[in-house]
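Asks: Residue numbers (this note's numbering), protein chains in the order written: chain A, 361 to 817; chain B, 5 to 455.
Hints should not be assumed to be uniformly reliable.
As the list claims (entries may be wrong) - Taking CB as the label site, the calculated pair distances span:
1. B:Asn375 / A:Asp455: 28 to 34 Å
2. A:Pro621 / B:Pro403: 27 to 33 Å
3. A:Gly568 / B:Met394: 50 to 56 Å
4. B:Ala125 / A:Glu590: 53 to 59 Å
5. B:Trp314 / A:Gly568: 36 to 42 Å
6. A:Asp509 / B:Val369: 30 to 36 Å
7. B:Lys222 / A:Arg788: 46 to 52 Å
8. B:Asn375 / A:Asp597: 47 to 53 Å
9. A:Ala605 / B:Asp218: 55 to 61 Å
10. B:Val369 / A:Ala605: 20 to 26 Å
11. B:Glu400 / A:Asp588: 27 to 33 Å
12. A:Pro604 / B:His37: 40 to 46 Å
13. B:Ala125 / A:Pro621: 49 to 55 Å
Since the hints were derived computationally from the structure, they do not count as laboratory data.
Cβ atoms here follow ideal geometry from the backbone N, Cα and C, with glycine treated the same way.
Take a look at the letters that make up each chain.
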Amino acid sequence: MTIRSSLSAQMVRLGVSLAALALLAMPAAAKGSGMKIQEVTSPGGIKAWLVESHANPLIAMRFAFRGGASQDEPGKEGLAYFVTAMMDEGAGDLDSTAFQEREQALAMRMDFDAGRDVMLGSLQTLTENKDQVFDLLRLAMGQPRFDEDALERVRAQILAGLKFDENDPETVASLAWDKLAFHNHPYGRPVKGTTQSVSAITTDDLHGYVRRVFARDKLVVSVVGDIDAEELGKALDKIFGDLPAKSELSAVADANPTQGPKREVIVMDVPQSVAQFGLRGVSRHDTDFIPAYVLNYIIGGGGFSSRLMEEVREKRGLAYSVYSNLYPYQHGAVFIGNVATKNEAVGQSLAVIQDELKRLAEHGPSEEELESAKAYLTGAYALRFESSTSIASQLLWIQIEDLGIDYVSRRNELVDAVTMNDVKRVARRMLAPDRLLTTIVGKPVEPAATARQGAPG
Amino acid sequence: MSVAAVAAEKAPSEHVREFTLANGLDVVVIPDHRAPVVTQMVWYRAGAADEPPGSSGIAHFLEHLMFKGTDKIPTGQFSKIIARNGGEDNAFTNHDVTAYFQRVARDRLPTVMEMEADRMANLRLTPEDVKTERDVILEERRSRVDNDPGSILQEQMMAALYRNHPYGIPIIGWEHEIKALNREDAFAFYHRFYAPENAILIVAGDVEPEEVRDLAEKTFGKIPSHGPHIKRVRPQEPEHDAPVTVTLEDARAGRTTVQRYYIAPSYASAEPGEAEALDLLMRVAAHGAVSRIYKRLVVEQKVAASAGGWYTDSGLDSGRLGFYAIAGASDAAEDLEKAIDGVIAELREKGVTQDELDRARASQVAEFVYNSDSISRTARQYGWRLAAGMSVEDVEEWPDRLKQVTVDDIRAVARKYLVENNSVTGILTPVPEYTSSIGQKPAPRAGNGKS
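Work out the full structure, taking the sequences as your base and the hints as a guide.
Replies: Below you can see the structure in the form of structure tokens.
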């Protein structure tokens, strides 16, 4: 077993950069001997990042296998999601009821989730139950039963969920947008599948997916809490050691998101229309990613500090929620925004949004906006390290995105280094308001054709 | 320790300290030094159930308006200043409380405390602020309620469950009353309830009690108390003589859903031990795939795709027990309702088994430990209870009180509160079945449309 500590050298450097920036809050990682990330390698060769903390008698684990819903074959959309819903439905000698009663008796929390590019798992346990809990997770991962009655139960639940989704304006807008942007690429397919595809999924499909994807070569793990490196090493071998060494992932092509302008209206009898709009984004390993991240905060990622919130909600009262996000999927990045506005005003809201994107593309943000964005993003980084589960989650994503074990200590420097020129460059590159893809769900009433007006206020 | 400014002090726990400032503000400090961050929360003992008749939604409307400005904070700058300090902030309103909170690095606590104290006494609102924010709230109502038939049904069920108590009025307000809310209504509610003696300040995280006391005295401590005791007069619920069924047919319903609510006491209103027994009853009866309702309806009888329930335990005057069942492709509402009735009858007659109780208790007690892992969740956990009039000891001894609950206690509360006359049944059916039509519309010309 080897334990590599990544800390001491970076601590010093970070201390200097913090002193230079009065506004900065100090990330948890930088607090003296506070957070220390160890890279643990088990006797069997399984790696994990560990932050030991014995303050509370609990352990939080997050893990992921690369290859999520994008591994679903055409016609079997929703398979990865189906697998996640079956993970506590029995394993080894335990049928679903026995498994779930044991979970409850051990007061453990186990959850699985299917992302586009990764399968995500999370586990929380009290220290006193850790051995039995790790054992149950081992069973779930390595010997899932996928019994027929459990499978039909879960299928009925997923189908009911799809029925609700069909009537949920946000979900409908989002699925339609994915389809518009990605067509037949796996990213264009619904993660939860369709009524037809979910009806076609069999026990063999579930076992096949697990066998192909739950393998040690695509596994990343982070652990925070009341456990030391040696004990974790043994636990890693116990939980994941029986999984196949190699995954069998099918190759996913690079997606080339459609360029607009395209606007699709899906009529639904609701008083408020929901719109999703978006463009090609910037991928995680692009040198422009951090500037794009700062830019997104200024556009619609920053709550009340964002342009869209200011223009759509604060100045005009057109919406309760309006926001944007970057989605840097592994094989294609997009920038997506959402707004919900009464049917009479949806045209106006979208026009205001389009104007703001155009203004940012042409002129960039103000110096004050840029400084405020950097002050928030660096200062609030520490808030992500507030609890064991949130730290474990941060460390997991740093591993999934392959950013390096020192990323926590480098991250604020990367944000601070972003210049006005960087943001203007990425704004010109990313924000092409005449290329917007927009889906609208509701009964939008278009505004009377009015002369395009100049910038408001 | 400045004795003059502190009216009362007790140290019930080695972890948590509470004291009261001379102006009546209750302060609770929960030190946790694992990360260099703090959560500040101010809980006002005022919520939607304290609104004057005809002004539904004003508590929530005021919560929005509290972000507008003061003499020191220019309009619209409150959250921006918090953000520039690397902080996150928000607020929420329910029937009994309105709470405001910030999460910041520990060295920003003085800034956010000064800002929070400032808006307790010095709110400024322009007519334009009020008008625009009212439109925002109407959009919020559309998002939360009008766009979602499940929420519409829930609103109707609450109105049927509470026929006299204001818990029957939606927190966000009825649409026609929201439209009539104005600046005067907001200030009237503000001046009546936003006072130091009607609030609780909770600071959790990387701080020491003495530090918080000094800061609180310099900020909140300067605000004069309002004097006469602030009265919360609410019409109380009479005994119910008959159950009610609410049915809603809506093409957007997705799948048939049956819900059942019962009025029951909350932690604040219950006889000693009853709320703990109700908590464990509902965990056995309705929490997750090992619950009674799920086993009976979904696993054994196969009359529903899913089923579960909850206990709303935080109210000042009353709580609620809730059960739901979601139909599979071919299940009928009558069958779901009958099956729910069967589960209720079984709970009333036979209670729960010792094995069920032990498992439920293990997971319930663990919730407390899991919650203590997060500074902000810990602050909330204390806030809910303290705002409902409970003490720090009540919160800390909760796991021990759960350990004392017996299967007999659970059967007793099941018999007492799962009573037909105290119930409302809600049925939501997708009629007529909806098919979304997909069609292209030409992209409209970009019009500003600003009035």
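Asks: For each hint, tell me whether it holds in the structure or not.
Replies: Status of each hint after checking the structure:
1. B:Asn375 / A:Asp455: 28 to 34 Å: At 31 Å between Cβs, range holds.
2. A:Pro621 / B:Pro403: 27 to 33 Å: violated, 58 Å
3. A:Gly568 / B:Met394: 50 to 56 Å: At roughly 53 Å between Cβ atoms, Met394 of chain B and Gly568 of chain A fall inside 50 to 56 Å, so the hint holds.
4. B:Ala125 / A:Glu590: 53 to 59 Å: Check passed, 56 Å falls within 53 to 59 Å.
5. B:Trp314 / A:Gly568: 36 to 42 Å: At 37 Å between Cβs, range holds.
6. A:Asp509 / B:Val369: 30 to 36 Å: Check passed, 32 Å falls within 30 to 36 Å.
7. B:Lys222 / A:Arg788: 46 to 52 Å: holds, 48 Å
8. B:Asn375 / A:Asp597: 47 to 53 Å: violated, 31 Å
9. A:Ala605 / B:Asp218: 55 to 61 Å: holds, 59 Å
10. B:Val369 / A:Ala605: 20 to 26 Å: Since the Cβ atoms of Val369 of chain B and Ala605 of chain A sit about 40 Å apart, the hinted range of 20 to 26 Å is violated.
11. B:Glu400 / A:Asp588: 27 to 33 Å: holds, 29 Å
12. A:Pro604 / B:His37: 40 to 46 Å: holds, 43 Å
13. B:Ala125 / A:Pro621: 49 to 55 Å: About 51 Å separates the Cβ atoms of Ala125 of chain B and Pro621 of chain A, which means 49 to 55 Å holds.
Taken one by one, the earlier hints fail for this structure at numbers 2, 8 and 10, listed in ascending order.
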